[in-house]
Structures are given as structure tokens and as C-alpha cells.
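There are 2 protein chains.
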Amino acid sequence: MHSGNIFTSIPDSQDRETFEQIIQDKNVRIERIVSRGQTSPESGWYDQDQGEWIILLKGGAVITFEDGSEVKLSAGDYTNLPAHTRHRVSWTDPGTETIWLAVHY
Amino acid sequence: MHSGNIFTSIPDSQDRETFEQIIQDKNVRIERIVSRGQTSPESGWYDQDQGEWIILLKGGAVITFEDGSEVKLSAGDYTNLPAHTRHRVSWTDPGTETIWLAVHY
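Going down the list, the sequences are from chains Z and C. Residues 1 to 105 in our numbering are what the first sequence lists, from first letter to last. Residues 1 to 105 in our numbering are what the second sequence lists, from first letter to last.
What the hints contain is simulated information worked out from the structure, not anything from laboratory work. Treat the hints loosely; a few may be bogus.
[Stated by the list, open to error] Pairs of lysine-lysine, DSS-like flavour, derived with a Cα cap of 30 Å:
id, chain 1, residue 1, chain 2, residue 2
1, Z, Lys72, C, Lys58
2, Z, Lys58, C, Lys58
3, Z, Lys26, C, Lys26
[As the list claims (entries may be wrong)] Looking from chain C toward chain Z, a few residues come up when the C-beta cut is under 10 Å (computed):
id, residue
4, Asn5
5, Phe19
6, Asp25
7, Ile33
8, Val62
Every residue, glycine too, gets a C-beta built ideally from N, C-alpha and C.
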């Protein structure tokens with residue numbers, strides 16, 4: 001049934017982001033991402049073939065786009081990243097876990 | 001960009017559930033559902049042609065399945081409803097807004 005709680009069973013890795021798949025279907029992939037102050041990727045940009053809709057559920061983050069614009073995200077904030085929207089995560093809150101839900105479609 | 005905050009701009013309708021579409025793509029539909037003590041459907045069962053992944057982000061709810069089993073959901077709880085999983089929302093917290101995110105795929 002893929003049941004659980006998005007805020008619990010957090011992987012205890014302190015030194016890297018973690019990506020956990022919740023749903024993998026032919027048309028959609030849902031994952032939980034937990035960041036702890038990391039930015040990613042360290043160099044370059046995410047440039048994805050699929051659209052990605054993200055919602056930040058705990059913590060805080062900033063996404064920077066190739067044109068220099070930024071979106072700051074707090075708990076409950078969501079945004080849509082159409083395919084090939086070049087972006088990077090330029091900041092995540094170093095003082096807490098940042099929990100994201102991402103829907104790749 | 002389909003940006004927003006899942007916890008804000010709550011429709012002020014007090015007497016019915018509200019369903020708001022956030023993303024509609026050929027393969028996926030993401031919506032916010034706000035319940036205020038309602039159960040649904042009023043009679044019978046939901047029986048959907050698509051899979052539905054849901055996460056409850058505020059409030060509380062109980063989903064009942066055709067075999068009589070129940071799942072109680074609190075903030076952060078998620079579950080997957082494969083296509084044609086007959087179910088109904090048998091309770092939502094009457095004391096607060098219950099906010100759901102649903103991914104139909």
C-alpha cells in the first residue's frame with residue numbers, strides 16, 4: 001500500500017541528501033528528499049527530461065534558476081519545474097532537516 | 001509556474017469539501033482537497049480508473065475500504081489507492097480544516 005508518514009523514519013545520514021522512492025509507476029514517480037544544509041548539484045544545473053512538481057514540507061530552501069531568479073520555499077510552499085527548466089538548490093536550512101516531496105511526471 | 005502554499009488561500013466554503021487542481025498533465029493530476037468534517041462520497045464508494053496517492057497535511061481523516069478495513073490518517077500520513085480500490089472517506093476532523101494533497105496517476 002506504500003503507506004507511511006513523510007515526517008518519520010528519516011534516514012540518519014548527516015552528510016548527504018537522501019532520496020527515497022515512494023511510488024514508481026510508468027507515468028509518475030513520487031519521492032521524498034531530505035536535505036541537511038546541502039546544496040545540489042555542487043556544480044552545474046539540474047536539467048530534467050520530465051516535469052517535476054515539488055512541495056517543501058519542513059525546513060527551508062532556495063531554488064535558483066539559470067536566469068538568476070530565485071524562489072525561497074518554506075513549509076507548504078510548492079512550485080512546478082517544467083521539463084528542462086534548468087535549476088539548482090542553492091540553499092537549504094543548515095539548522096534542521098528539510099523535507100521535500102517531489103512528483104516527477 | 002503553479003506556485004503557491006498548500007496551507008494558505010483556503011476557500012472559505014464551510015459547508016462542502018473543495019477540490020482545487022494544481023497540476024493537470026496528460027499523465028498526472030495533482031489536487032488539493034480541503035474537508036471540514038465532511039465524509040464522501042455521501043453514498044457508495046469511490047471506484048477510480050486511475051491510481052491515487054494521497055497525503056494528509058493537516059487535520060485528520062479515516063478512509064474505509066470495502067472489506068471493512070480502515071486507515072486513520074494524521075498530518076504527514078500518506079497511502080496509495082491503486083485503481084479500482086473501492087474506498088470512502090468515513091471521517092474527517094470536524095474541528096479543523098483537513099488538507100489533503102492527491103496525486104492521480
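Here is how each hint holds up against the structure:
1. Between lysine 72 of chain Z and lysine 58 of chain C the CA atoms are separated by roughly 22 Å; this keeps the pair inside 30 Å, and the hint holds.
2. At roughly 13 Å between alpha-carbon atoms, lysine 58 of chain Z and lysine 58 of chain C fall within 30 Å of each other, so this suggested pair holds.
3. Only pairs whose Cα atoms come within 30 Å are accepted, and lysine 26 of chain Z paired with lysine 26 of chain C is accepted, the gap being roughly 13 Å.
4. The beta carbon of asparagine 5 of chain C is positioned within 10 Å of a beta carbon in chain Z (closest approach about 4 Å), and the interface hint is therefore held.
5. Violation of the interface hint for phenylalanine 19 of chain C is found here, the shortest Cβ-Cβ separation to chain Z being roughly 16 Å, above the 10 Å cut-off.
6. Because the beta carbon of aspartate 25 of chain C sits about 6 Å from the nearest beta carbon in chain Z, less than 10 Å, this interface hint is met.
7. Checking isoleucine 33 of chain C against chain Z by beta carbon gives a least distance of about 14 Å; that is not within 10 Å, so the hint is violated.
8. Against a cut-off of 10 Å between C-beta atoms, the interface hint on valine 62 of chain C is violated, since the closest Cβ of chain Z lies about 14 Å away.
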